[in-house]
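Novice: In case you want the letters, here they are:
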Amino acid sequence: KAGVTQTPRYLIKTRGQQVTLSCSPISGHRSVSWYQQTPGQGLQFLFEYFSETQRNKGNFPGRFSGRQFSNSRSEMNVSTLELGDSALYLCASSLDRDRGRSSGNTIYFGEGSWLTVV
Amino acid sequence: QKEVEQNSGPLSVPEGAIASLNCTYSDRGSQSFFWYRQYSGKSPELIMSIYSNGDKEDGRFTAQLNKASQYVSLLIRDSQPSDSATYLCAVNLFTSGTYKYIFGTGTRLKVLA
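Protein sequence lines correspond, in order, to chains A and B. The working numbering runs 10 ahead of the 1-based position in the first sequence. The working numbering runs 1365 ahead of the 1-based position in the second sequence.
Calculated directly from the structure, the hints in this document are not laboratory data. This structure is a prediction, so every number in the text was calculated from the model and none was measured. Note that the Cβ used here is the ideal one computed from N, Cα and C, for glycine as well. Don't take each hint at face value.
Here's a subset of chain A near chain B, in silico, CB distances under 7 Å, partners left out [as the list claims (entries may be wrong)]:
#1 Asn66
#2 Leu100
#3 Phe119
#4 Gly122
Using the sequences and the accompanying hints, generate a full structural model.
Specialist: Rendered as structure tokens:
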């Protein structure tokens, strides 16, 4: 069974540009979450999508946005890139994260997209 | 108070010893608990999940949950140099009408050969 697939794996962008990252969840998983990881801040939650709807959102500026398609694939976009946006962006999928004590809420991470803003 | 707290380490243990990693959480509404391992430059990988009080064993790994004291721990028996990584504790809690997955900042483990 294929895992979570993220593309691209590595990219370098210039300040002010925008970037789109893609995520294909594990087959059958309907919930997709995005996280930003930096050495100083750890894992920070960006947003979660379920059935093409944003179900949760973290404390990030509006420059960060995302969407989910009918096949559960998701994209996130960052506009007007800043140097501080340099990070590892992780996508994670689960059957349905909105379950309390069910194994269905377990999230599995992709390999991530390393973004460097220069 | 942080919602999920871990000692950042590094925690150094000799090869073959038991490594004990601890995590405390603040919200009693937390319902499920997870340990992830993250090697440098890689993404987090699920090791264990635990939902009920007590111990859960999987190979060399044992997760322990104590909801009354609000802590969850991970024991690694017969530690190997390949276990050297950062271990992230995560909880899934119900708040504001939905579930949130909260991560600790991780404990760096170094297993000395």
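Novice: Next, verify each hint and record whether it holds.
Specialist: Hints and how they fare:
| no. | hint | result |
| --- | --- | --- |
| 1 | Asn66 | 6 Å, holds |
| 2 | Leu100 | 6 Å, holds |
| 3 | Phe119 | 4 Å, holds |
| 4 | Gly122 | 5 Å, holds |
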